[in-house]
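Visitor: Sequence:
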Amino acid sequence: MGNTKGLLCRLCGQVLEPGQGDFYVVRIEAVADPTPPSFTEEDLLRDPREEIERLLEAMRGLSAEEALAQVYRNVTAYLCGPCYRRWIDQIA
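All the letters of the sequence shown, read from the start, carry residue numbers -18 to 73 under our numbering.
One thing to keep in mind: the hints can contain errors.
[As the list claims (entries may be wrong)] What follows is a set of in silico ranges between Cβ atoms, one per label pair, in the way DEER data are often shown:
hint, residue 1, residue 2, range
1, 54, 28, 29 to 35 Å
2, 45, -12, 28 to 34 Å
3, -1, 54, 38 to 44 Å
The hints are simulated quantities; they were obtained by calculation from the structure and are not laboratory data.
For each residue, glycine too, the CB sits at the ideal point set by N, CA and C.
Model the full structure from these sequences, guided by the hints.
Guide: Right, here's the structure in full:
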């Protein structure tokens, strides 16, 4: 059976054949620190409107996608067996 989906290993480019059991699907979800921020007494004395304006100014020029990428990323990668084993050993 030919490779009808055009799957390639994300790391080495090897053609991956669905149904042959020769590759892994790796899903990565990265989320920015989800804990609430800590505030000092000085922080609490600041004008909330000014702080919001400051934050909006810092984000001006960012697209919605760029802003989202700063707090959340979801990636799916297909890896051949050898590349998967090297990759998983590096991060484990």
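Visitor: If a hint holds in the structure, say so; if it doesn't, say that too.
Guide: Here is what the structure says about each hint:
no. : hint                 : result
1   : 54 - 28: 29 to 35 Å  : holds (33 Å)
2   : 45 - -12: 28 to 34 Å : holds (29 Å)
3   : -1 - 54: 38 to 44 Å  : violated (25 Å)
Of the numbered hints stated above, the single one contradicted by the structure is hint 3.
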